[in-house]
Structures are given as structure tokens and as C-alpha cells.
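Trainee: Using the sequences and the hints, build the whole thing.
Sequence lines, in order, name chains F and P.
The first sequence begins at 4 in our numbering and counts up by one.
The second sequence begins at 682 in our numbering and counts up by one.
What the hints contain is simulated information worked out from the structure, not anything from laboratory work.
We put the CB at the ideal spot given by N, CA and C, even for glycine.
Please note that a few of the clues may not be correct.
Distance condition first, Cα-Cα at most 27 Å in a straight line; then the derived BS3-like pairs of lysine-lysine [unchecked claim]:
no.: 1; chain 1: P; residue 1: K782; chain 2: P; residue 2: K803
no.: 2; chain 1: F; residue 1: K169; chain 2: P; residue 2: K754
no.: 3; chain 1: F; residue 1: K169; chain 2: P; residue 2: K834
no.: 4; chain 1: P; residue 1: K803; chain 2: P; residue 2: K848
no.: 5; chain 1: P; residue 1: K834; chain 2: P; residue 2: K782
no.: 6; chain 1: P; residue 1: K782; chain 2: F; residue 2: K169
no.: 7; chain 1: F; residue 1: K169; chain 2: F; residue 2: K105
no.: 8; chain 1: P; residue 1: K754; chain 2: P; residue 2: K834
no.: 9; chain 1: P; residue 1: K834; chain 2: P; residue 2: K803
What follows is a list of derived Cβ distance ranges for each label pair [said to hold, decoys possible]:
no.: 10; chain 1: F; residue 1: F264; chain 2: P; residue 2: D863; range: 46 to 54 Å
no.: 11; chain 1: P; residue 1: D863; chain 2: F; residue 2: K169; range: 30 to 38 Å
no.: 12; chain 1: F; residue 1: W204; chain 2: P; residue 2: F697; range: 32 to 40 Å
no.: 13; chain 1: P; residue 1: M864; chain 2: F; residue 2: I84; range: 43 to 51 Å
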Amino acid sequence: MKLTLPAFVGRIAFSALAALIGAVFALPLIWFLFAPFNARAELGLAIPDPWTLSNFATVFGNSYAVQALWNSLIQAVGGVILVGAAATLAAYALSRSSIPGKGAVTYVLLLFSSVVSGSAAMVPIFLIVSAAGLIDTHLAVILTFAGGLLPTAMFILRDFIDSIPKSYEESAMVAGASPVQAFFDVALPVIRPGIVVVVVWGFVNIWGSFLIPFILLRSDRNMPASVAIYSFYSEAGTPIVTLLAAYSLIYSLPVIALYLFVSWKFGFRFFGGIKA
Amino acid sequence: MASVEFQNVTKSFGEFTAVSGVSFDIGDGEFVCLLGPSGCGKTTSLRMIAGLETPTSGQIRIGGEEVTQLHPKDRNIAMVFQDYALYPHMNLADNIAYPLKVRGEAVAGRHARAREVADVLKIGHLLDRLPSQISGGQQQRTSLARALVYPAKVYLFDEPLSNLDAKLRLEARGFLNHLQRDMGMTAVYVTHDQAEAMALATRIAVMDQGRIVQYASPIEIYRRPATTFVANFVGNPPMNLVEVEGVQGEGRLQLKAEGLAIAGLPMSDAIGKALAAGSRLTLGVRPEHLAIAAPGAENTITAPLFANENMGPESLVTIDRGDSARVTARIFTDDHLDLGETVTLGFSAEHVHLFDGAGQRIPATGE
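Mentor: Listed below in C-alpha cells is the structure:
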């Protein structure tokens, strides 16, 4: 097809505009990649000269910062295991059994989790955790997140399990498997990509949260990285940009790594029913 | 191998009754097809034999043993599913050997047995593949292999060939037929394809709206369909059904309908009883029993040509008697017929089927 001149100019103008918008959005990311390696980093964008790892050395020299990363990991992994296991079993039961009104149960759960969560529920959550004597423990954060994420996780997984033909488990049971055997041998491996989605989503949620650990935790030795970032401020309240940049990069890596791992291992492909 | 008995079995899902008071028995080594349109209760019946559904009332026995409430795993049956239900995360060897795994057999033993069965079904070279890496026909044979890998009392098939293309389906049908006779297995086979049922079954149970309409050998069902439903369901194309007005005259049964010229049929008690209930009867003639005849002759149906479909060895000639009352003949002719041209189709009296006003067969004299 031959382009007319106005169409050609229009196309160039459109591409230029798109590139400009792209650049505006890319700037913070570029800063995020450059600043950690710049010993004199400021809020402005600058190419490091020379490239250095001194910022990272300072971060790793700070025992509080390192402990905070470790705390994030404990809380995220703990929460994810709880959510993953509970949501899988609950969603499987909701999908496969014939409980009357199970649809209503799912929707009420989802409604409560999305409406009555977050900041609005902070006071009752604090009171419950306090009454349970769990203030300033990892368990408090893990349980709070497990409870908060569970309904949505169940909802996602139930949808996923609904789309998997019952005939998988049925054929296993006809072949002589007990319901429990059929679940672990046949259903669970087929559901696994769905569980991975829930686990990644849960991990990212817990890893990135600020409010809940900030309120439920007291001592520095239990704070996760999201809260610890606030320690890289001077007494006067101005950020120490060099450390902040390096720490932010380290803090983002597990999430990026998780996505890469999942996409490499599962490729976000899902097994469905085989129907030729 | 074992027999299967249904005793007054009913299955309801809420308001809907899928299977309604069904009783029948399947002898040891029989191949029974449950045949019917979708929603007739055939799949539900099969799933109750498997234990995947529990009857609302009634009893099911396998090999004389009451199994109505037994879990599927305790029934020692094998089943081939319509969607094959191959486990996508296991290779073919593990898929086929799975029933042996849950029976506690060691890896070496069960893989050797899986290979044996796979070789018979000509998928032995694919054992390392995943189900997603093989063709539909190979998947079908894999699911068959998984059912054959252990000795079961009864083999259940839920429309196993419906996802195959026409050519593969014929091939698989022939193979199943051979296999069943060879092993002498008791098999229950659900299908909505009458040709499949005719080719495979030792007996066919024709189902409609949760009930068994006729339970007989394929040849019996073809020659003496119990109702107009069976007559219309079995045969390709199905039997022509012509609504007729029946009156007794000169000691014989005279039938009248638009375009129909038929000699009086000998009266019988059965015909007399049907006439007493009403004069509206149904005359049935199979397409393969019709041939082009001379106009004005006896035992003929005359109407304008509606369609002439040449199938190669034969032609389907359809005439339209008005109000979509069409009659199709399966004939061997190369004659050119013009659309709208008046065509006369003839039949012999021995090929006439009669049904009463309720659609029930009126037995011919000597039946």
C-alpha cells in the first residue's frame, strides 16, 4: 500500500508523540536503575560517574535494613503458605461439592473482603490482635494477611477449578482412587498454575504492604522492608537518596525474580480440558 | 466379567427426573448400547453404574452384588470418558498405568503392563509423550488403554468416539467391536449415534425422556421398532412415517392418505383394537425398502420431487406430500429427476410397519 504524504506525516507525528509519552513514564524507571549505582545520587536524573556499588555496601552494612528484608520474607512466605493451602482446599470444596447456596457463600466472602478490609478494618484488627496477645509478632502480620487475602484467593481459585473438567477426578476414582488420592494425584497438579497465580499475587501484596505491619508491629527487629525504608531519612526528615535508591532496588528484586521464575517455569500457560 | 442389573432405578436432579423407574439387565459378556437423544438419561444411567451418581431410588447390582451406594473405587469397573480425561501432567505411560498405581503395583511392573496394552493399541512408541503432544485418535486409544490395563468387571463407555473425525470413528468402532468379542467383556456403551449402536451392540436399549422405550437386539430394533420414536431414531435416513386414516372395509384394513395407494391389509385382533381406539394410524416404510415404481400401481406413494441427493453408490430421493410430510427413498439409480417432477415410490406389503394413535407398534400377523 502506498502512503499519501499527509498520512505519512501523521504517522510520524503519532510515533513521536507516543515516544515522548513513553519517555515521560520511563524516566522514573531509568532513575531507579541509575541512582543506586551513583555515589552522589540526587532526585535528578544523572548517569553515574563512576559506577559504584558503595551504596549497596552501606545498605548491607546496616544490620537493621538487612533484618527488615529478612522480616519481609518471613511474613510474605508465611502468609502465602497459609493463603495458598487454605484457598486451594476451600476453593476445591466450593467448586466440586454440591453444598446448597455455595454461590452465595463465595460472593458474600468476596464482598466482605473487598468492602471491609484495609484502613476501615484497622481498628478492629488491632483490637483483635491485641486481645490475642500477638502485637509485635510476625504471626500477627501473617494471620492478618492470610485472613484478608483468603476470600479473593478463594474466588480466583474457584473460578479456575470450575473450568477444569470433573472427569479428571472421576476417571481417577473409577480407576480405583479414593477422593483424597484423586485430589493429590490428579486435581492438584492440574490446579497448580492457578495456585501459583494466587501465591504470586499474595506474595506481592504482603511484600509491598506498609500499613498493616506498621500498625501491628512495634520493635525495629520485626519491621519488614516496606517500613524500614523510612529509616533512610536524616534527623531533619530529608531522604538520604543514595541509600534509598539502593535499598529500593534490592527490595524490588524478589518480586521481579518471582515473576521471571513463574513465567519461565509455567509461562502462564494453563492446562485445560482436552477436547479435540 | 459380570452382569449388571437395574431394578426400578430413578434419578432426579431437583425437579428434573433424568432417569425414571428403569429396570433392565445386562448379561455377562454382553455389549449393551444405551441409545437416545441428548437428555434422555443414558449418560446418567451409565454414571450410576460407575457410582459417579447415586440413584434417588432403586437398586443396581454388578455381578449379583448390590452396589447402589458403593464408592466408584470399590466397584472394580473401567470407564472411557467422552473427553478422554487424560491427566495433562503425566506422560502416556503414567496415564495408562495410573489404575495400577492406585492398586499399589510397583513402577516396573505397572510400566511393563502399560507397554503391553499400549503395543496392542499401537501407541507403544508414544509412551514418553504428554497427552497434549498426541493426536485426538491417539488420545482416544490412550484412554481406552487406561481402561484395559486392569481386569474390570464391567467396561463403561461414554460416547468415546464422538470427538473423532468420521474416518477415525469408523476405524475405532471396528476395533472396539473386535476387542469386545475377543475379550468377552461386559460393556455398556452410551451413544446418540444409531449406526454406532447397531454396529457394536449385542442389545440396544433405546431411551427417551428417562425411560427405556425398547430393549432388544439391533436386528429386532431395526425390523420391529416398538414405537414411532424408535422407528424414527434408528436407521439412516430414519423410517418414513406417514399419517394415515384407517378404516375396515371388505374384511381388510384400508389406509388412506394424500398420494398413497395401498392394497387392503389383512385384519388382525391387534389392528381391530387399534381401530377401536381411533382411526388415525401411522404407516412406516424404511427408505431402503422403497423403489421407483410405475405411476398408478398399488402400494405406492406419489408426490412431487423435493430433492435428489447422489451419495455415490446410492441416491436419496425425497418427495414432498405437502405440509413438510416428506418421504425419502434410498435407491440405486442414475436417472435424472427434475425438481417438482411427480415421482412414484413403491414398496412391498411385507415391509410395511403400522403404529397406533399413541405411536405403539401394531404387531403384524405372525409376529
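Trainee: So, for every hint listed, does it hold in this structure?
Mentor: Taking the hints in turn, this is what the structure says about them:
no.: 1; hint: K782(P) x K803(P); in the structure: 22 Å, holds
no.: 2; hint: K169(F) x K754(P); in the structure: 16 Å, holds
no.: 3; hint: K169(F) x K834(P); in the structure: 23 Å, holds
no.: 4; hint: K803(P) x K848(P); in the structure: 17 Å, holds
no.: 5; hint: K834(P) x K782(P); in the structure: 19 Å, holds
no.: 6; hint: K782(P) x K169(F); in the structure: 20 Å, holds
no.: 7; hint: K169(F) x K105(F); in the structure: 17 Å, holds
no.: 8; hint: K754(P) x K834(P); in the structure: 12 Å, holds
no.: 9; hint: K834(P) x K803(P); in the structure: 24 Å, holds
no.: 10; hint: F264(F) x D863(P): 46 to 54 Å; in the structure: 51 Å, holds
no.: 11; hint: D863(P) x K169(F): 30 to 38 Å; in the structure: 32 Å, holds
no.: 12; hint: W204(F) x F697(P): 32 to 40 Å; in the structure: 39 Å, holds
no.: 13; hint: M864(P) x I84(F): 43 to 51 Å; in the structure: 49 Å, holds
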